[in-house]
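**Student:** What follows is the residue order along each chain.
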Amino acid sequence: MPLKDYIGFCILICLVLLMPHLMVNDYYLGVLVFAAFNCLACIGLCLLMGYAGQISLGHGAFIAIGAYSSGIFTTAFGWSPWAAMAAGAFAAMVIAMAVGIPTLRLKGHYLAMATLGFASIVHIVAVAATGFTGGPAGMSGIPGLRLFGYPLDSDLKYYYFAWAAVIIGLYFAFNLIHSRVGRGLRAIHGSGDAAEAVGVNTAVYKIQVFALSAVYASVGGSLYACYVNYIDPGPFDVMHSVMLVTMVAVGGLRHLWGAVIGAVLLSVLPEILSMAAAPLRGIGIAYRPDYDILVYGGILLLIMMFLPDGLFAGIASAGRSGIAVVKKYARGGRIAGK
Amino acid sequence: MELGVITDWLQFLFMGIQRGAIYAMVAMGFNMIYSSTGIINFAQGEFVVLGGLMMVSLTMVLGLSLVFAFFVSVAFVTVVGILMERLTINPVKHPSVLRLIIITIAVSMLLKGGAMCVWGKGSHYMRHFTEGAPLDFMGATVMPQTLWIIGILILLVIGYVVFFNFTMTGKCMRACAINRDAARLAGINDRRMVMLSFALSAAIGAIAGIIITPLIQMDYARGALLGLKGFGAAVIGGLGNSLGAVAAGLLLGTIEAMAGGYVSSHYMDAIALVVMLAVLFVRPGGLFGKSEEVRLKEF
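Residue numbers (the numbering used here), protein chains in the order written: chain A, 38 to 375; chain B, 59 to 357.
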């Protein structure tokens, strides 16, 4: 892992430790906990989109699989939440392979539509299979997590725990992309044919990354279920899968930090927009949360058209040119000093 | 009793054909853009919704005549399709397919949000094209609107065949779909053909929306599922093969209606998607395509 990424980790850890002291109340802390769940799903999705060059429009379904596994195994079978989480992750992996193996062996973006269809099926089942999932009314009484016998019973404790999970997941993902597998994946993104020619088994790599990204989403879903203690099919619709793709694309496909930035920004954006509603009303614009989809769509369109590598790449290149300007002036100063 | 079974079956069949005709039209729209650009347009379902909602406003609110409102609605959505291509697809230089697909997702969000702002969240009622009692066919009822849908689908298919086989523009579009570089060398303006494919695909989507609205009461959020099932039809028929898509659309609609009638109405929507996934997994070239073709095809 390059030094830059270690610095990135230090900044992230500092921000995570700093944020609770800047929060005026627990509500905003809760928003950041949800951002952490999205972050986990986005890290996996970024591995798939940015490194294997495939879109999944079904990651909301893998979140649902994690959440419902946690819900069903803990309430109906009395498993510990950790065992339920592992079961959910395993189920997500198996299902991802079942969807991925036939579609990822084909060229192109068949996976996008297969996952979209799969996500719709999962949502329909979550609504219709009332015996297992509680149907539209949802299921409640999902027990919270305990860490070494110590209950995570406040927003603050869960906040630290969720972000610790993100940091561990991110660290693992970074290690993966700097390994043999990661280099293979980047070769696939550069040119699938060239990668195959030098001996990278493109289909197997893509399937493995898809399964891994499903596990990330599923763990995010399990953590979500244990945090809110209640799940219903509402948050797991196809729109949420599209939102996850939006987060990754806005932050930047080509870099894991982009996924983190995109997930956090778009997770807190509704709060920013609802705060902006009051001043907007002052100038005669009645902003409603309904309009969020227009804002999201607009941001996604503008980023994809003008900054296709995402916000992170934009910030990074702005930073580089800033450093270059500073260096130039510093050199100029020395010359003048001579 | 015997007659009752047949009556039920016929009833489901009519319902299936009526749904299937819509999927077929959406699939034709997918195929046109796919052939010219190699991308799947995720905003295809929104064209259907926009067409239907525009028709509702023109006929039910403004009280225009059906024929006039029909053409105005189609023209409106066609303009939306052209604008989409000119403003979001055309300006992107050296696009990757991934990027273009995400752009169409963004456009679909904007169109959906826009439709919600203009028409609200409720569903909209529209009167049927022709007044009159439902027809009786061996005990099964057939809405006159269903006959309109079937008739318009037949006209569209005839128009499609004539356009792509007997007009210069249609032949140019086909040439672009087969090999864009070669078509450009032969003097065809391929960028214009892409714009034309968006215009035609938007128009077909709008027509589908207009004719189905009297039966399903259109609302802003229907685009995603209509689009997805239309894509299912396109996959089953073989991507790029529009006549295959029409047959597949009718088949998909019929399977869905039969499953809804005989198995479970809760899972009706899921069954169409399961069929789509099954075809995608087993015969990705479509039921009517050759299996080796799909290895060469990329999207």
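These are calculated hints, taken from the structure and not from any lab test.
There's no promise every hint is true.
Footprint (simulated), chain A over chain B, 3 or more residues, beta carbon under 8 Å [stated by the list, open to error]:
(1) 83–94
(2) 158–172
(3) 279–292
Every value quoted in this text rests on a predicted model; they were computed, and no experiment measured them.
Glycine included, every Cβ here is placed at the ideal spot set by N, Cα and C.
**Student:** Indicate, hint by hint, whether the structure satisfies it.
**Tutor:** Consistency of the hints with the structure:
1. 83–94: It is violated: at least three residues are needed, and the stretch 83–94 of chain B offers just 0 whose Cβ sits closer than 8 Å to chain A.
2. 158–172: Since three or more residues must qualify, the claim that chain A covers the stretch 158–172 of chain B holds, with 12 doing so at under 8 Å.
3. 279–292: holds (count 5)
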